[in-house]
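Peer 1: Protein chains in written order, with my numbering: chain A, 2 to 349; chain B, 2 to 349; chain C, 2 to 349.
Keep in mind that the hints were calculated from the coordinates and are not lab data.
Don't be surprised by glycine CBs; every beta carbon is placed ideally from N, CA and C.
It cannot be assumed that every hint is accurate.
As the list claims (entries may be wrong) - Computed beta-carbon distance windows for the label pairs:
1. B:34 x C:339: 55 to 65 Å
2. A:33 x B:323: 48 to 58 Å
3. A:334 x C:96: 51 to 61 Å
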Amino acid sequence: MGLRLGDIAERLGADLLGDPDYEIREVCDWHLAGEAGEGLLAFETRSRPGAEFMASPVRALIVAEEPGAEVREGKHYLVHRDPRLAFAVVAGLLHPDPRAVEHFVHPSAFVEDGAQLEAPVHVGPLCVIGAGARVGSGTVLVAQCHVGAGTVLGRDCVVQPFAAILGGAVLGDRVYVEAGCVVASEGFGNARQDGRFVRIPHLGKARVEDDVRLGANACVDRGALGDTVVEEGARIDNLVQIGHNCVVGAHAGLAGLVGLAGSTRIGKRCLIGGQAGFAGHLGVAADSVIGAMTGVPSSLEEPGFYLGVPARPARDTKRMWAAQHRLPDLLRRIDQLEKRIAELEGDA
Amino acid sequence: MGLRLGDIAERLGADLLGDPDYEIREVCDWHLAGEAGEGLLAFETRSRPGAEFMASPVRALIVAEEPGAEVREGKHYLVHRDPRLAFAVVAGLLHPDPRAVEHFVHPSAFVEDGAQLEAPVHVGPLCVIGAGARVGSGTVLVAQCHVGAGTVLGRDCVVQPFAAILGGAVLGDRVYVEAGCVVASEGFGNARQDGRFVRIPHLGKARVEDDVRLGANACVDRGALGDTVVEEGARIDNLVQIGHNCVVGAHAGLAGLVGLAGSTRIGKRCLIGGQAGFAGHLGVAADSVIGAMTGVPSSLEEPGFYLGVPARPARDTKRMWAAQHRLPDLLRRIDQLEKRIAELEGDA
Amino acid sequence: MGLRLGDIAERLGADLLGDPDYEIREVCDWHLAGEAGEGLLAFETRSRPGAEFMASPVRALIVAEEPGAEVREGKHYLVHRDPRLAFAVVAGLLHPDPRAVEHFVHPSAFVEDGAQLEAPVHVGPLCVIGAGARVGSGTVLVAQCHVGAGTVLGRDCVVQPFAAILGGAVLGDRVYVEAGCVVASEGFGNARQDGRFVRIPHLGKARVEDDVRLGANACVDRGALGDTVVEEGARIDNLVQIGHNCVVGAHAGLAGLVGLAGSTRIGKRCLIGGQAGFAGHLGVAADSVIGAMTGVPSSLEEPGFYLGVPARPARDTKRMWAAQHRLPDLLRRIDQLEKRIAELEGDA
Chain A
2 MGLRLGDIAE RLGADLLGDP DYEIREVCDW HLAGEAGEGL LAFETRSRPG
52 AEFMASPVRA LIVAEEPGAE VREGKHYLVH RDPRLAFAVV AGLLHPDPRA
102 VEHFVHPSAF VEDGAQLEAP VHVGPLCVIG AGARVGSGTV LVAQCHVGAG
152 TVLGRDCVVQ PFAAILGGAV LGDRVYVEAG CVVASEGFGN ARQDGRFVRI
202 PHLGKARVED DVRLGANACV DRGALGDTVV EEGARIDNLV QIGHNCVVGA
252 HAGLAGLVGL AGSTRIGKRC LIGGQAGFAG HLGVAADSVI GAMTGVPSSL
302 EEPGFYLGVP ARPARDTKRM WAAQHRLPDL LRRIDQLEKR IAELEGDA
Chain B
2 MGLRLGDIAE RLGADLLGDP DYEIREVCDW HLAGEAGEGL LAFETRSRPG
52 AEFMASPVRA LIVAEEPGAE VREGKHYLVH RDPRLAFAVV AGLLHPDPRA
102 VEHFVHPSAF VEDGAQLEAP VHVGPLCVIG AGARVGSGTV LVAQCHVGAG
152 TVLGRDCVVQ PFAAILGGAV LGDRVYVEAG CVVASEGFGN ARQDGRFVRI
202 PHLGKARVED DVRLGANACV DRGALGDTVV EEGARIDNLV QIGHNCVVGA
252 HAGLAGLVGL AGSTRIGKRC LIGGQAGFAG HLGVAADSVI GAMTGVPSSL
302 EEPGFYLGVP ARPARDTKRM WAAQHRLPDL LRRIDQLEKR IAELEGDA
Chain C
2 MGLRLGDIAE RLGADLLGDP DYEIREVCDW HLAGEAGEGL LAFETRSRPG
52 AEFMASPVRA LIVAEEPGAE VREGKHYLVH RDPRLAFAVV AGLLHPDPRA
102 VEHFVHPSAF VEDGAQLEAP VHVGPLCVIG AGARVGSGTV LVAQCHVGAG
152 TVLGRDCVVQ PFAAILGGAV LGDRVYVEAG CVVASEGFGN ARQDGRFVRI
202 PHLGKARVED DVRLGANACV DRGALGDTVV EEGARIDNLV QIGHNCVVGA
252 HAGLAGLVGL AGSTRIGKRC LIGGQAGFAG HLGVAADSVI GAMTGVPSSL
302 EEPGFYLGVP ARPARDTKRM WAAQHRLPDL LRRIDQLEKR IAELEGDA
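Can you build the whole structure from these sequences, using the hints too?
Peer 2: Listed below in structure tokens is the structure:
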């Protein structure tokens with residue numbers, strides 16, 4: 002069951018150079034295509050299609066600019082200003098997230114009394130759903146998931162194996178939770194007495210809004226008293242740590258191994274590079290870009306591109322990085338300067 | 002079932018200004034309180050309570066100093082030198098860790114022959130307990146936990162879903178294991194032969210002493226021959242990696258994404274910031290503070306506050322950080338100095 | 002059931018000074034040995050055995066050089082140029098990875114119709130094996146594992162609890178998957194439209210070749226269109242993130258918390274220190290060593306030892322690190338130089 006090129010073009014608002022009835026069954030990277038290319042759609046951002054593409058069995062291609070007549074024979078083109086985006090949209094139509102259409106609870110799953118499943122819900126084998134949990138319609142618990150007592154999952158969510166949605170978690174609609182992800186873990190909040198930790202029970206929620214995607218083995222702590230919030234559309238990569246009472250702004254993206262200490266506020270649409278760290282109790286302006294491995298010790302009030310430890314405007318840090326390896330040489334030059342001046346002073 | 006303010010005051014050693022019979026049902030952040038405040042207890046460290054608190058429905062507050070008469074009407078105060086600590090204690094009384102009081106093994110759990118459960122133990126749905134494992138009384142395996150063959154868990158432990166207590170793990174009493182945590186994984190110990198790895202089987206234990214709390218998706222490797230040890234009262238945050246044969250000292254705290262390479266010895270009561278890393282085969286003096294993202298390549302013999310990559314006394318690193326962004330300018334100044342001196346030398 | 006020293010010597014190609022019929026039951030660290038030493042084999046790399054070893058109950062030792070006659074009485078020596086490697090080999094013989102010899106599927110496991118198990122396979126309690134999955138003979142799924150629909154596992158693999166082998170994963174023979182590890186998670190690939198993320202479905206494989214070992218809670222994303230590949234014999238430590246379309250070369254070793262952004266290519270036999278990060282779309286030359294916490298922003302074409310953020314030849318970075326703490330002092334010296342020159346210029 003494929004998609005007609007004409008329908009795709011209309012959906013994308015793309016210009017079609019080719020047969021609107023050509024049917025697309027699958028997407029591919031045409032550089033990797035084997036012998037079979039019929040029904041495949043690829044995209045190209047780097048260059049205009051040429052002889053190499055003409056020799057490829059793939060016949061349909063999304064491109065940014067209208068291709069010349071010499072590459073039209075036997076090929077179909079969708080012209081779209083952002084081929085990668087257009088490709089993502091088509092791939093998403095062909096491969097939507099799974100969604101429950103028939104109500105199903107595997108006999109090996111354990112659903113505690115008082116859990117509310119809004120049919121149709123798919124509960125795979127060996128899942129546990131605790132008392133008072135509420136799961137919205139369309140949601141798929143793939144297998145071996147944990148949905149704790151009192152949690153809330155919206156509609157059309159997908160929860161992969163070994164994801165733990167613990168008590169205190171509240172998920173919106175269309176939230177995707179990758180394998181091993183933990184939502185609403187106890188935060189790292191402690192008081193100290195005589196050199197020993199005194200645990201602070203965490204009573205706030207971990208609220209994950211609509212259309213958020215949480216990566217494998219990522220952790221979202223619940224708030225201490227107020228809530229931890231991941232706002233709508235945010236994308237959290239694998240192994241990210243989101244501490245108690247953090248707020249991740251809508252449509253922000255956090256790459257792998259990022260760490261947010263408690264009460265960090267990441268602005269909307271921020272993009273955070275891998276392994277960056279935030280000291281907590283600080284805010285980052287909306288639409289900022291934080292480079293990989295950057296360490297942010299205090300608030301970044303102005304939107305910008307920040308880099309380095311501690312974080313500075315990226316241009317400054319790059320200049321510093323370029324200069325720092327001249328330091329040993331610099332030390333030598335200053336020693337010499339001091340000698341030469343001393344000589345001049347002796348002469349004077 | 003609440004707590005009388007008078008009893009709380011006695012328990013905390015706090016002064017009570019108010020009604021000892023006022024009953025506390027719950028703790029809260031009074032800045033976040035809604036319309037209902039009766040029965041709630043909050044704390045305040047930053048400022049003395051004023052008009053804003055008088056307008057709040059919350060009636061009971063822990064403060065550091067005795068408040069003035071103008072904020073007493075209809076309010077109850079507990080005066081304690083450390084309001085946050087006092088608050089943690091009360092919150093802990095209202096929200097203790099779960100504890101098994103009736104012996105219960107869910108029918109869907111699989112307890113292998115030869116496992117010893119010291120009643121009462123709570124074994125939730127879909128747990129696995131291996132042969133020869135010993136679980137102390139009061140311990141709660143929430144659900145979908147793995148307790149491997151031959152492991153030992155003490156009394157009053159709590160194990161959350163998808164926590165894997167593998168063979169080689171020995172846990173003391175009141176250990177809390179958050180979801181997805183792995184205890185006694187194989188260490189990253191290898192020999193090499195002709196450019197290939199030769200696995201070293203790990204035969205040591207992973208010993209986790211009393212009152213330790215292990216975070217979500219954290220990993221504690223078992224020792225190669227000797228043991229890995231997390232001493233009593235230590236607090237390990239989410240996604241922390243503790244390599245084989247490490248020793249984490251009593252009451253030390255390791256924040257998220259910290260990495261300890263093999264045979265790192267963290268001293269007692271050390272506080273380690275997020276994403277800090279330790280090169281292994283080194284020790285850190287007790288009571289040290291290691292800043293976030295610090296890289297420790299060799300032993301830190303003196304207790305202190307260390308920061309930076311490589312780690313240095315924090316004051317030095319902060320000074321260096323302040324100076325480093327002047328480097329490009331410095332290079333320019335030295336170029337000029339050299340020119341000016343050359344001119345002077347020409348003159349001389 | 003032990004091993005004769007004579008057989009061990011032959012297997013290792015080591016010289017034996019002692020009784021070939023002495024039987025080894027277990028390996029140990031002789032520094033940690035208690036009262037019982039009979040049947041134990043230890044190794045020593047640091048020093049030649051002396052009085053301390055003579056006083057130890059351990060009787061068999063692997064050493065690098067032939068020991069003197071004064072330490073021979075009652076002891077047995079294996080002389081091998083690399084005692085640690087020799088020890089690893091013997092330990093591996095005594096403690097091989099588990100392997101299925103009888104076909105066994107625990108009644109609580111759920112094996113979907115159409116999954117192919119090549120007997121003998123061991124499927125422990127509460128495992129899930131999806132439709133169309135293929136599992137090779139000898140493979141052990143310890144307990145509570147997830148083997149997704151359509152995945153492929155080779156022969157003699159070991160999968161620990163809560164490891165998620167998701168759809169798109171293809172594992173070779175003798176692959177070891179530690180607890181909580183996720184293979185073939187969705188990659189962090191997104192397009193953006195009007196400040197919102199548009200998900201890119203990940204359709205490539207996550208291919209893990211023969212003899213790879215994947216650490217606890219490590220993540221290997223599947224490729225977007227092409228595949229993510231971990232080549233044969235590579236060793237991935239705990240909490241490592243391997244992004245979509247990465248290639249980890251054969252026999253490479255990645256220590257804990259390393260992060261590879263998408264399309265990173267790590268050369269064969271590279272050794273990567275803990276918490277190092279790679280920006281993606283770059284390659285690292287075979288046989289390179291990357292220090293802990295190093296940040297690699299672009300390709301490293303020459304094999305070498307690299308260190309620092311951004312990565313540079315280790316010697317340069319170490320020199321820079323040694324110099325950088327003189328920066329504040331340097332600033333002071335340059336201020337003074339400028340003053341002194343101004344005075345000289347005034348004089349001139």
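Peer 1: Hint by hint, note whether the structure agrees.
Peer 2: Going down the list of hints, with the structure as the test:
1. B:34 x C:339: 55 to 65 Å: Given range 55 to 65 Å: holds, Cβ gap about 60 Å.
2. A:33 x B:323: 48 to 58 Å: holds (50 Å)
3. A:334 x C:96: 51 to 61 Å: holds (59 Å)
Violated hints are absent here; each numbered hint is respected by the structure.
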